[in-house]
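There are 2 protein chains.
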Amino acid sequence: MGRWEPNARERLAKAALELYSERGYEQTTVAEIAKRAGLTERTFFRHYADKREVLFGGSVALQDLFVNAVAEAPGPAAPIDAAAAGLEAAAAVFDGRREHSRQRQAVIAANTELQERELIKLASLSAALADALRRRGVTEPAASLTAEAGVAVFKVGFERWTAAAEERTLSQVMRESLEELKAVTAGG
Amino acid sequence: MGRWEPNARERLAKAALELYSERGYEQTTVAEIAKRAGLTERTFFRHYADKREVLFGGSVALQDLFVNAVAEAPGPAAPIDAAAAGLEAAAAVFDGRREHSRQRQAVIAANTELQERELIKLASLSAALADALRRRGVTEPAASLTAEAGVAVFKVGFERWTAAAEERTLSQVMRESLEELKAVTAGG
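Protein chains in written order, with the UniProt record's numbering: chain A, 1 to 188; chain B, 1 to 188.
No lab work stands behind these hints, which were simulated from the structure alone.
Careful: at least some of the hints might be erroneous.
What the hints assert, rightly or not - Calculated pairs, DSS-like style, for lysine-lysine (alpha carbon to alpha carbon, straight line, at most 30 Å):
1. LYS14/B / LYS121/B
2. LYS51/B / LYS51/A
3. LYS121/B / LYS51/B
4. LYS121/A / LYS121/B
5. LYS121/A / LYS182/B
Said to hold, decoys possible - Stretch by stretch, here's where chain B covers chain A in the computed footprint (C-beta under 8 Å, at least three residues):
6. 75 to 84
7. 150 to 160
To be verified - Short derived list, chain B residues pointing at chain A, Cβ under 10 Å:
8. ILE80
9. THR112
10. LEU114
11. LEU122
12. VAL156
13. VAL173
Quick reminder that beta carbons are idealized off the backbone N, C-alpha and C, glycines included.
Could you build all of it, start to finish, from the sequences and the hints given here?
Okay, structure coming up:
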C-alpha cells in the first residue's frame with residue numbers, strides 16, 4: 001500500500017461514522033476504522049490525532065468560512081446582517097450532507113465527551129465571530145452578543161435541520177431560525 | 001475535630017479560590033485546601049467530589065433559581081420577559097460577590113479543563129431554560145432560541161460585570177445587555 005491514498009481523509013471519516021453508528025463510539029477502535037476504510041492505522045494518524053477528531057475534522061474549515069463571510073459582508077451591513085452572511089456561508093457546506101449530519105448528531109448525542117467537544121467547537125466559533133465583528137468596528141457588548149446570537153441560530157437551526165421529518169435546506173432553516181430569534185427578542 | 005464543622009462548605013470554597021489565585025489551579029491539592037480552611041481532607045470530600053467542583057458548587061442552585069423565576073413569571077409574559085425574570089433572579093445571587101466572581105473568572109480563564117466545565121454549566125442552563133419555557137407553552141424553536149438568548153445575555157453580562165472598571169450591579173449590566181441584544185437583533 002502506497003504512502004499516498006486517494007481520498008484517505010474522507011474514506012476514514014466515512015468508515016468512522018459508520019462504525020460509531022453501528023457499534024457505538026466507545027466500542028470502536030482506530031484499527032477497525034482503518035480496516036473498514038481499507039487503509040492502515042499509520043495512514044489514520046497522518047490525518048487525525050485520534051478517533052474523536054474524525055468527527056471534528058471539518059470544524060476549522062467551517063469556522064473559517066463563517067468568519068470570512070462575516071468579514072467580507074458589505075461595509076454598511078448591520079452586525080446581525082454580517083452574522084447572517086456567515087450563517088449562509090456555513091449552511092452551504094452542508095448541502096447534500098443531511099444524512100451524514102444526522103448520523104453525526106446521533107453519535108455525539110450518545111456520548112458526553114463528544115458533547116463537550118461540540119460545545120468547545122461552538123464556543124470557539126462564537127469567539128472568532130466576535131473578533132471578526134470587532135474588526136468591522138462593532139463595539140462591545142454588541143460584538144459578543146451578535147456572535148452569541150449567530151451561534152445560537154446555527155446550533156438551533158442545525159438541530160432542526162437534522163430532525164426526522166425536516167426537508168427544507170439548512171439555509172432555509174437557518175434563515176427561519178434567525179427570523180424567529182428576532183421575533184422572540186422583539187417580545188413577540 | 002468534630003464531624004460537623006460550621007460553614008465548612010463556604011470555608012473550603014474560600015480557601016480553594018485563594019489557593020487557586022495564589023498558586024494556580026493545577027498546583028493546588030485538596031490537602032492544601034483543607035489545611036488552609038482548617039479542616040480535614042475527609043471533610044472536603046463530604047462537600048465536594050474533587051477540587052474542580054469547588055468552583056461549580058453553586059451551579060445547581062443558580063440554575064434552579066433561574067429556572068424557577070422563568071416558570072413563575074406572570075402567565076401572559078412573553079418568553080423573553082420570562083427569561084429576563086430569570087436573569088434578575090440569577091443576578092441577585094451575586095450581590096456583594098464581585099471580587100469573588102472576578103477571582104473565579106480569572107482562575108477559569110487560565111485553565112482549559114475549567115473553561116470546558118463552565119461551557120457545560122451554561123449548556124445545561126440553556127437546556128433547563130428551554131424546558132421551563134416549553135412548560136409555559138412556548139413552542140419550538142422559540143423556546144430554545146429564547147433560552148440561548150437568555151444564556152448569551154447571562155454570559156456576556158457576567159463577563160462585563162467582572163471587568164476591571166465596572167461598578168454597576170450585575171442586575172443593571174444584565175438589563176443593559178438584554179437591551180443591547182434586542183437592539184442588535186433588530187438590526188440596529
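Evaluated hints:
no.: 1; hint: LYS14/B / LYS121/B; result: 20 Å, holds
no.: 2; hint: LYS51/B / LYS51/A; result: 29 Å, holds
no.: 3; hint: LYS121/B / LYS51/B; result: 16 Å, holds
no.: 4; hint: LYS121/A / LYS121/B; result: 16 Å, holds
no.: 5; hint: LYS121/A / LYS182/B; result: 25 Å, holds
no.: 6; hint: 75 to 84; result: holds (count 4)
no.: 7; hint: 150 to 160; result: holds (count 7)
no.: 8; hint: ILE80; result: 5 Å, holds
no.: 9; hint: THR112; result: 9 Å, holds
no.: 10; hint: LEU114; result: 12 Å, violated
no.: 11; hint: LEU122; result: 8 Å, holds
no.: 12; hint: VAL156; result: 5 Å, holds
no.: 13; hint: VAL173; result: 9 Å, holds
Hint 10 from the list above is the single one not met by this structure.
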